[in-house]
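Number of protein chains: 2
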Amino acid sequence: MSVTHPKGFVAAGVAAGLKTSGNKDVALVVNTGPRDTAAAVFTSNRIQAAPITWSKQAIADGQVRAVVLNSGGANACTGPEGFADTHHTAEHVAKLLGTSSGDVLVCSTGLIGERLNMPALTAGITDAATHLSDTGGPDAAHAIMTTDSVAKMATHNAHGWSVGGMAKGAGMLAPALATMLCVITTDADIAPETAQRALAQATSTTFDRIDSDGCMSTNDTVILLASGASGITPTEAEFTTAITAVAKDLSRALINDAEGASHDIAVTVTHATSEDAALAVARSITRSNLVKTAIFGNDPNWGRVLASLGTVPTHVAPYEPDAIDVTINGVTVCRNGGVGDDRTLVNLAAHRDVHIVVNLNAGDHPPVTVWTNDLTHDYVHENSAYST
Amino acid sequence: MSVTHPKGFVAAGVAAGLKTSGNKDVALVVNTGPRDTAAAVFTSNRIQAAPITWSKQAIADGQVRAVVLNSGGANACTGPEGFADTHHTAEHVAKLLGTSSGDVLVCSTGLIGERLNMPALTAGITDAATHLSDTGGPDAAHAIMTTDSVAKMATHNAHGWSVGGMAKGAGMLAPALATMLCVITTDADIAPETAQRALAQATSTTFDRIDSDGCMSTNDTVILLASGASGITPTEAEFTTAITAVAKDLSRALINDAEGASHDIAVTVTHATSEDAALAVARSITRSNLVKTAIFGNDPNWGRVLASLGTVPTHVAPYEPDAIDVTINGVTVCRNGGVGDDRTLVNLAAHRDVHIVVNLNAGDHPPVTVWTNDLTHDYVHENSAYST
Numbered sequence: 001m002s003v004t005h006p007k008g009f010v011a012a013g014v015a016a017g018l019k020t021s022g023n024k025d026v027a028l029v030v031n032t033g034p035r036d037t038a039a040a041v042f043t044s045n046r047i048q049a050a051p052i053t054w055s056k057q058a059i060a061d062g063q064v065r066a067v068v069l070n071s072g073g074a075n076a077c078t079g080p081e082g083f084a085d086t087h088h089t090a091e092h093v094a095k096l097l098g099t100s101s102g103d104v105l106v107c108s109t110g111l112i113g114e115r116l117n118m119p120a121l122t123a124g125i126t127d128a129a130t131h132l133s134d135t136g137g138p139d140a141a142h143a144i145m146t147t148d149s150v151a152k153m154a155t156h157n158a159h160g161w162s163v164g165g166m167a168k169g170a171g172m173l174a175p176a177l178a179t180m181l182c183v184i185t186t187d188a189d190i191a192p193e194t195a196q197r198a199l200a201q202a203t204s205t206t207f208d209r210i211d212s213d214g215c216m217s218t219n220d221t222v223i224l225l226a227s228g229a230s231g232i233t234p235t236e237a238e239f240t241t242a243i244t245a246v247a248k249d250l251s252r253a254l255i256n257d258a259e260g261a262s263h264d265i266a267v268t269v270t271h272a273t274s275e276d277a278a279l280a281v282a283r284s285i286t287r288s289n290l291v292k293t294a295i296f297g298n299d300p301n302w303g304r305v306l307a308s309l310g311t312v313p314t315h316v317a318p319y320e321p322d323a324i325d326v327t328i329n330g331v332t333v334c335r336n337g338g339v340g341d342d343r344t345l346v347n348l349a350a351h352r353d354v355h356i357v358v359n360l361n362a363g364d365h366p367p368v369t370v371w372t373n374d375l376t377h378d379y380v381h382e383n384s385a386y387s388t
Numbered sequence: 001m002s003v004t005h006p007k008g009f010v011a012a013g014v015a016a017g018l019k020t021s022g023n024k025d026v027a028l029v030v031n032t033g034p035r036d037t038a039a040a041v042f043t044s045n046r047i048q049a050a051p052i053t054w055s056k057q058a059i060a061d062g063q064v065r066a067v068v069l070n071s072g073g074a075n076a077c078t079g080p081e082g083f084a085d086t087h088h089t090a091e092h093v094a095k096l097l098g099t100s101s102g103d104v105l106v107c108s109t110g111l112i113g114e115r116l117n118m119p120a121l122t123a124g125i126t127d128a129a130t131h132l133s134d135t136g137g138p139d140a141a142h143a144i145m146t147t148d149s150v151a152k153m154a155t156h157n158a159h160g161w162s163v164g165g166m167a168k169g170a171g172m173l174a175p176a177l178a179t180m181l182c183v184i185t186t187d188a189d190i191a192p193e194t195a196q197r198a199l200a201q202a203t204s205t206t207f208d209r210i211d212s213d214g215c216m217s218t219n220d221t222v223i224l225l226a227s228g229a230s231g232i233t234p235t236e237a238e239f240t241t242a243i244t245a246v247a248k249d250l251s252r253a254l255i256n257d258a259e260g261a262s263h264d265i266a267v268t269v270t271h272a273t274s275e276d277a278a279l280a281v282a283r284s285i286t287r288s289n290l291v292k293t294a295i296f297g298n299d300p301n302w303g304r305v306l307a308s309l310g311t312v313p314t315h316v317a318p319y320e321p322d323a324i325d326v327t328i329n330g331v332t333v334c335r336n337g338g339v340g341d342d343r344t345l346v347n348l349a350a351h352r353d354v355h356i357v358v359n360l361n362a363g364d365h366p367p368v369t370v371w372t373n374d375l376t377h378d379y380v381h382e383n384s385a386y387s388t
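Residue numbers (the UniProt record's numbering), protein chains in the order written: chain A, 1 to 388; chain B, 1 to 388.
The set of hints was computed from the structure by calculation and includes no laboratory data.
Remember, predicted model here, so these are calculated numbers, not experimental data.
Keep in mind that the hints are not guaranteed to be accurate.
No copy is singled out in the list; a pair is fine if it fits within one copy or between any two copies.
[Said to hold, decoys possible] DMTMM-like mimics (lysine to aspartate or glutamate), calculated; alpha carbons at most 20 Å apart, straight line: (1) 95 / 382; (2) 56 / 249; (3) 248 / 238; (4) 248 / 236; (5) 56 / 91; (6) 56 / 320; (7) 19 / 353; (8) 56 / 322.
Same shape as in the complex, but just chain A (with noise of 0.2 Å):
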């Protein structure tokens, strides 16, 4: 269950009142050790709300006892006000962790350009602080849910040791990162470079393979914390499979919650020359509001799939127009870039999952494949009425 599940974390989740619903909203995640290890991925948007400044600085020593997570206000474009609301908050955690404030990450999510509740969400995490336990996982998972219709858990076990994680977000979701919020838990006994490279690894084909709205947030943050409370120290490789699994679970689910979405589409590309080649190709289908909106009207409409891929610059992905084929759903509706198989064959309205699968017949390169979501009323009506 979420980040608790291994050994050495305690974690509680708390309504401070920052939502107005009254849902919880603080989340606190601790790790009691023996060690303190720590590795995070951030937004590689230019405009980072403080939370992330903050947390680039206090990780850069690769050791971590906390995370504090909010939701109800993503601390962004707030100006130096907000990155002392920020150090602030890691100060409060650290007086009553008994630890250092550079040893604190601050994450938060919500609308941006508005400052925090500072007395609300301090008040929270005095009162998250007396509720810390090993079975807090879930509570933490909640309290950081924004427009999410579910709390985000997985974990994997491994052989004496486990992983667990939580993870929100349910639109603005782009590599890289998704917007999104990110926390996995780990009681192997791994060092910082060890825990960065997989971490990185492991989001290099999760988080950052899914797409809702090519949309990028000023506040991703993916942090993994490893205890070191099994004793138990995996080869580099175990390690990286098992957070790849868990950040792939937590990634789908994300993707599977996007807002408003009535269909999970899932665009793979073969036969590309080169890895930046298939992505690009994907990445150009997966943010096609053109695409997205015939298969919200269950229309396989595979001329806006090549409309799209065309518009990615030959030094990027070479492949001749007339060698691709594009097969939705089994169905091989365009043959040799022109008229396939009936594409009425593809009943759409059937199924909730899609599979484009583009075969560019340009190189070698194995499968690579983007997760995005269909564009329907419900995702124009959600973002519409957000912040208002």
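Given chain A's structure and the hints, the job is docking chain B onto it.
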């Protein structure tokens, strides 16, 4: 009115049965001379419709007598058979007009991936040839409409010579170019090289700066025909100004008619370090579904504006995040990258036009504007119900 406004042109638009609605769907525009100068720009999409391939070859010598255009089918991704259809179409026009097929351009618009109904198209062309007249411009403009709600026409009068034009397009609009067909005519006496330079310059600041949904078409074509019938040869600067005026009117008409839009959005970027930097920042905003849904919800959500422009790489657009100001309809809602004036002062519900001004405070490049529209329920509806 439209393409028959300048001297030396006849046109027609007829219903050939390509559209199930029974509306006009075949247009013919003929240059009666004395000159047959022509220029064109085409989609940069690598997936190019058969008419694009044909017309690029036909215009290589800078001379064109006629343009035939059809709605009701894009003739894209139709293989060698589709190209043969286009060839046959040009031959048919040439025979009717007593010219060479190499002097006939072909444009098609409609669904990708389906063959044209050639018997209906050729019969329609024969019919159109009998209806050619110097007042036929509006009929031609109506015949190229697809999801357009109005026919787009524009004229410009210079000293003793003039320019006219028609265009279609209401979605899949993205630089470069918008999904669109456009024919511009003039009775100026102009050399082909001058015509090509003027057209390229005009489109770069008009059609290339509208972006409805970030989706680039397989059929985009802008054609310029010059009859020389006025006997006047303007300077290249005068000529470029006139062509640009008509291109600007038509491009604004396209974005104002974008599918399902409830707001027209102009994004102006000021004080960038270069034209490319300003354009990259503007386009990152005009392509953000989260910005566009917020505007639909009448929400001046400047945080989403900053999150969008934060995705532009530093080497493309240098700026400091905490130096950015954002003004929406006159209210500076973001100042120095942080909270500015009261966002509730922006009353988007009262205005169809939304003007977002982003001051990067990074350089002294003149303002650059890109036009788009909001993302609405009607956009989702129209684009999910288009082909089925």
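Now for the hints, and whether the structure bears them out:
no. : hint      : verdict
1   : 95 / 382  : neither (39 Å within a copy, 57 Å between copies)
2   : 56 / 249  : neither (25 Å within a copy, 49 Å between copies)
3   : 248 / 238 : within (15 Å within a copy, 60 Å between copies)
4   : 248 / 236 : within (18 Å within a copy, 59 Å between copies)
5   : 56 / 91   : within (16 Å within a copy, 66 Å between copies)
6   : 56 / 320  : between (44 Å within a copy, 19 Å between copies)
7   : 19 / 353  : neither (33 Å within a copy, 33 Å between copies)
8   : 56 / 322  : between (47 Å within a copy, 18 Å between copies)
Hints 1, 2, 7 from the list above are not met by this structure, while the remaining hints are.
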